[in-house]
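Residue numbers (our numbering), protein chains in the order written: chain A, 1 to 401; chain B, 1 to 234.
A hint or two may mislead.
[To be verified] When the alpha-carbon atoms are kept at most 20 Å apart in a straight line, the in silico PhoX-like pairs for lysine-lysine are as follows:
#1 Lys68(B) to Lys7(B)
#2 Lys10(A) to Lys20(B)
#3 Lys176(B) to Lys7(B)
#4 Lys20(B) to Lys215(B)
#5 Lys2(A) to Lys113(B)
#6 Lys7(B) to Lys20(B)
It should be emphasised that the hints constitute simulated quantities derived from the structure, not laboratory data. Computed from a predicted structure; not experimentally measured.
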Amino acid sequence: MKDIVSIAFKAIFLNKVRSFLTMLGVIIGVSSVVLLISIGNGLSAFVTDEFDQLGANTLFVVPGDLFDGDGGLSAESSATSLINSKLTMSDVNDIVRLREHVTEAAPLNLQTDQITFQGNTENVTIVGTTANFDTAFNIPTAIGAFISETEYEGTRRVVVLGHSVAEDLFGSIDPIGKRIRVGSTNFRVIGVAEEKGGGFGGPSFDTYVYMPLTTFSRSYNSDSIVRIVVKTTTTENLAVHKQALEQLLGQRLKDDEFTVFDQSELLGTINQILGVMTAALGGIASISLLVGGIGIMNIMLVSVTERTREIGLRKALGATPNMILLQFLIEAAVLSLTGGIIGLALAYAGTLAVQSFIPAVVTLDAIILALSVSTIVGLIFGVAPARRAAQLSPIEALRYE
Amino acid sequence: MLLELQKISKHYQLGDTLIKALDEVDFGIKSGEFVGVMGPSGSGKSTFLQVASMLATATSGEVLLENKNVTSYNEVQRAQLRNKTIGFIFQQFNLLARTSAIENVSLPLVYAKVGERERSERARTMLERVGLADRLANTPAQLSGGQQQRVAIARALVNDPLIIFADEPTGNLDSKSGDAIINLLVELHQEGRTIIMVTHEDEVAQFAERLIQFKDGNIISDTKLKQSRARKKQ
């Protein structure tokens with residue numbers, strides 16, 4: 001057995017270029033499958049992490065019917081319902097009054113606009129919100145302070161900048177107290193939020209500019225609220241808290257005009273989508289693995305024909321059909337497995353390369369999957385050529401020119 | 001008898017015609033004999049060699065090796081029998097390309113499941129025996145035709161076979177290298193080896209001590225040649 005393995009290795013090594021080209025299909029197949037799985041897993045872990053930061057006692061209220069009947073995201077959910085939001089500040093006030101269930105509630109409204117400082121212009125998302133937004137969303141300010149109650153009540157023209165907005169607009173200048181233009185109005189910068197990083201799959205807090213919702217409503221002439229973040233009194237019984245919120249909002253709004261959900265629901269849905277995406281892309285990539293297997297079979301068939309005399313000789317000298325079968329099977333499996341290992345290494349390198357954009361991780365599952373699948377591919381596609389070799393008659397094979 | 005063929009027939013169906021490559025051939029060889037086999041092409045000498053060396057099975061008749069009936073051995077049994085009792089020398093040398101002489105000689109021992117250390121020891125001894133002690137690591141491409149055939153002879157000897165089958169061993173060699181190979185075979189015979197050699201060259205055949213002639217699937221003559229070998233060998 002050990003000798004047959006070394007015979008197979010020698011055959012591969014004697015034809016280095018051919019062996020490499022044969023492996024190429026498997027290399028490409030394995031590396032793309034593993035890379036896609038890594039990206040999928042990474043995204044899923046990242047999203048989970050992002051939501052975890054918000055805390056488990058968080059409920060979200062959004063306009064419209066977010067989920068369809070089956071728990072998936074409904075098609076026309078976001079865009080239209082955001083524009084036609086029926087949620088108002090009075091709903092927020094009602095929610096806060098549910099002291100048994102709610103500790104605080106932060107509403108927000110969104111608008112994209114241009115901000116300018118000393119000729120530098122940035123297109124950003126303006127978030128209108130209340131003074132408790134920073135605690136509700138767990139976004140402390142790095143310098144300065146977040147919007148205060150006074151500034152909110154007084155409809156002050158003040159803004160808190162997301163971390164990367166502050167960097168892009170001010171560079172090394174201290175932004176606190178500086179005046180910037182938001183749209184056509186002057187605002188004073190009162191704080192810069194801490195860097196949150198990420199921005200993939202979850203909200204990109206670093207690129208937001210926050211102002212009091214009262215100021216926002218006046219500036220953009222819009223009273224609607226597109227999201228309410230609610231902190232519940234307990235982390236347990238989220239369903240009970242949720243029901244209370246639904247009951248309260250249901251008094252004024254129709255069922256399809258608002259949705260209350262907790263992060264596990266959203267997380268479940270996002271992970272489901274990511275899972276389907278990963279599986280679909282992985283499936284497409286595994287077609288190349290199949291093509292790689294066919295490549296191995298093709299070359300092994302050529303190799304058996306080319307080495308007919310060698311096979312005849314081995315048989316004459318005492319190799320049994322099973323030994324010849326094993327020799328070629330091992331050769332195919334080793335080719336494929338080596339391809340798998342190289343593919344895995346490439347996928348790992350690829351994962352490191354994309355890590356600055358996408359949080360990809362190569363998991364142990366993916367490694368085991370890649371190696372076992374590539375070995376199995378080699379064995380399956382190696383059977384036909386190996387059987388052909390094993391069944392050659394030694395006389396015919398020795399006579400073969 | 002070391003090897004005995006009894007009423008061996010080998011028939012092929014070629015289209016509508018039945019070819020009788022061997023037609024009830026009887027043959028026996030004693031241990032230590034050197035038999036030359038001659039005959040025109042299509043006479044059945046190659047088929048005889050294949051059946052006698054366990055490469056092929058006969059259509060009918062019995063094969064006895066050391067008085068043991070091996071006629072109905074299956075493919076695996078015959079492979080093992082070839083491995084342990086038969087040494088092959090081919091016209092085309094049939095060495096593994098890009099593989100060193102010592103590894104080529106070791107090959108039968110791989111299939112005999114001999115350990116690696118013993119393999120290379122025995123292969124080295126055999127290569128020394130055929131005069132290639134300084135060519136152990138050379139690949140066939142780095143050896144002359146005569147040297148390649150000597151590697152093949154070493155390979156045939158390495159598992160200490162009962163019979164050596166040589167199929168036109170000088171057919172691919174110039175006369176000088178051919179003579180050296182014949183001398184080597186004669187030496188092996190003198191050491192007590194049993195050899196069956198197919199050839200179409202009269203001169204080469206004269207080195208055997210017994211000559212059988214094939215024609216139309218039958219042995220038409222079987223003669224002792226002791227005199228001529230003694231005369232030619234100097």
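Hint-by-hint comparison with the structure:
At most 20 Å may separate the alpha-carbon atoms for a hinted pair to count; Lys68(B) and Lys7(B) meet this at roughly 16 Å. At most 20 Å may separate the alpha-carbon atoms for a hinted pair to count; Lys10(A) and Lys20(B) exceed this at roughly 42 Å. This hinted pair does not check out: Lys176(B) and Lys7(B) have alpha carbons roughly 39 Å apart, beyond 20 Å. For the given pair, Lys20(B) sits about 11 Å from Lys215(B) by alpha-carbon distance, which is consistent with the 20 Å threshold.
For the hint linking Lys2(A) to Lys113(B), the alpha-carbon distance of about 10 Å falls within 20 Å, and the restraint holds. For the given pair, Lys7(B) sits about 13 Å from Lys20(B) by alpha-carbon distance, which is consistent with the 20 Å threshold.
This entry does not satisfy hints 2, 3, going by the numbered hints stated previously.
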